[in-house]
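Asker: Okay, here's what each chain looks like letter by letter:
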Amino acid sequence: MTRVFVPRDSGALSVGAEEVARAIAIESAARGVDVTIVRNGSRGLYWLEPMVEVELESGRVAYGPVSADDVSSLFEAGLLTGGTHALSLGATDAIPYLARQERLTCARVGIIDPVSLEDYEAHQGYRGLRAALALAPEKIVEIVTTSGLRGRGGAAFPTGIKWKTAAAAPATQKYIVCNADEGDSGTFSDRMIMEGDPFVLIEGMTIAARAIGATKGYIYLRSEYPHAHRVLNEAIQAAVERGYLGERILGSDLHFDLEVQIGAGAYICGEETALLESLEGKRGMVRFKPPLPAIEGLFGKPTIINNVISLASVPIILDRGAEYYRDYGLGRSRGTLPMQLAGNIKHGGLVEKAFGVTLRELLYDYGGGSQSGRPIRAVQVGGPLGAFIPEAQFDTPMDYESFISIDAMVGHGGIVAFDDTVDMAHMARYAMEFCAIESCGKCTPCRIGSTRGVEVVDRILAARGESGAAAEEQIESSVVLLRDLCDTMVAGSLCALGGMAPFPVLSALHHFPGDFGIPSLAPVA
Amino acid sequence: MKAPDRQRSKGMLPVMTLAPWHAAVERALVRYEKRPSALIQILHAIQDELRHVPPDAVPVIANVLNLSRAEVHGVVTFYHDFKSTPLGRHVVRICRAESCQAVGSDMLAARARAQLRIGDHGTTADGAVTLEPVYCLGNCALSPAMTIDGEIYGRVTPERLESLLGALSRTGTVQP
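Note that the protein sequences, when read in sequence, are chains H and E. With my numbering applied, the first sequence corresponds to residues 1 to 525, in that order. With my numbering applied, the second sequence corresponds to residues 1 to 176, in that order.
These are computed hints drawn from the structure, not numbers from a lab. Hints are all accurate, no fakes.
Straight line, CA to CA, 27 Å or less: simulated DSS-like cross-link-like pairs of lysine-lysine:
(1) H:289 x H:301
(2) H:282 x E:83
(3) H:301 x E:34
Covered, in the sense of this in silico footprint (three residues per stretch, anywhere, with C-beta under 8 Å from a C-beta of chain H), are these stretches of chain E:
(4) 72 to 79
(5) 152 to 161
Beta carbons are placed, not taken as given, at the ideal position from N, Cα and C, and that holds for glycine.
With the hints as constraints, model all of the structure from the sequences given.
Answerer: Pasting the structure below:
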């Protein structure tokens, strides 16, 4: 029996993986060969999807991008014995894009059958939880703190501190909530974990439950991820059946129940307090802080709310130790970050590396430059609230502090590339428009400011095409107004949506003034 | 033969003709716990079955969950997934967020509007197709992305879009 891997990851499905899997089943049946098709997650080399792998004694070899029409010629070429074909990629682990990564959090994604507990256990699964169960809860919190792990959702708040606060809060009921409302454009690492290795998230949440004394967990999943929903439900079911969820987990006194709740299409629900409101069945309106969710969270009870990647990084920290994880990275950015290459990029995909790799390495050494073949003019890092970064700053290392020093943010690690056809004034308008569409409406700077922002950029766009003193005057006064408006939003908004939507606008103005019809600023010393 | 007079046969009780949506709403309410926190899941079940949440159903849901009508209406109108008028039989969602914009999704959306002769959020006159913008499908490494009835497509070219939309029309639903 030969094992053949065809991803069930939704990215792979979007380019025909289902048809490929079907064709392989039909072809192998017709040839009377014994093949087991494993539906794995994606390795994250999306330009090669659907990527088919075959397990040989020497390891796995890959072919891609495979279409259903290629299947018969692949069998003809000896697919099951690793035969050579025009689509051959050689040994999967030796593909440079993969070989040069440091996959800690995403170590199993694309390798295992995501819903097979046996597969998960055979690949170091549940070792973190076993280690955690032998420790006092305070010790778990201490290890997570020592590892240097910071919130991977974007805010980069130290995870251990959050846990310590929730652990210290006295309550009869506490909750673990996973923020799986991955709404930032250019990001898909949460989705890849959930579709490719859901048990690592479940294990991370179970360890968190042990650390703070919670008995109930929720994964708040965006409705745009139906495939992740299916995989998570299958995995939770398997974990319950095997005693990894429910009462007396692994024979201990730990009791933890977990369920998935689906959002309903609202970007703001990625903001932790809006998410809690939504979990309670309400409009996703941002709450005032304090109280912190760690003290008064879901249904008023102490709640840890962490991003998928943060929680999925916990098992390896408990298994290998805080120092092992902390030894990756630099400065105050410890460990690895699953970065995502997207937009106008030749080799889009997942690159998990220690903090410190530069944007230029990611864009060119991994990404292979733009998909269109034109120069990359700007990248937006960290989603719709992240700054636009010009070519001159591509040597900035990816770490939290270096990005802050250039008025940008790492966020959730999404990198969206734009070629030289991009109109940065148009992108500034979009940033305001997106904020207007997705604002929860609770605070005025965000609710009204974003709409006024669209109007002001529209005036600039209209005047930009005109010549003469009146148009120049219009642009000049509008830019002053736009900066002023951004200032109000940054200083006066309740949460990051209104408070950070101005960053792409201001960075576009700063780095690409010509697109707004204004002369370049004096070079900054 | 004259149909029996049901009103009289039931004595003093007036005949309550149930609206066509009633059974679907009841199914959704039975399926979930009658707690306010289940509201969004209940609305999803109704939306999935009826392709919208009928405004007349709002007081019924409110009553069962012990919420005010305003609270239920507020939730229905807050979230993009819930509609007060029915979606078309097919729903086409084209991603309009930055990653897809970087490879021409605005142009794809314009082509879709022209081919279907509707605007964003519009539904064709025969109720066959609704066109919606969506802000990120998480398929950003394979931009531009779109979904048709929940099925996801990546690296969508203008030609692919045209044939996919054409296939919807060939099923005899979209009038040229």
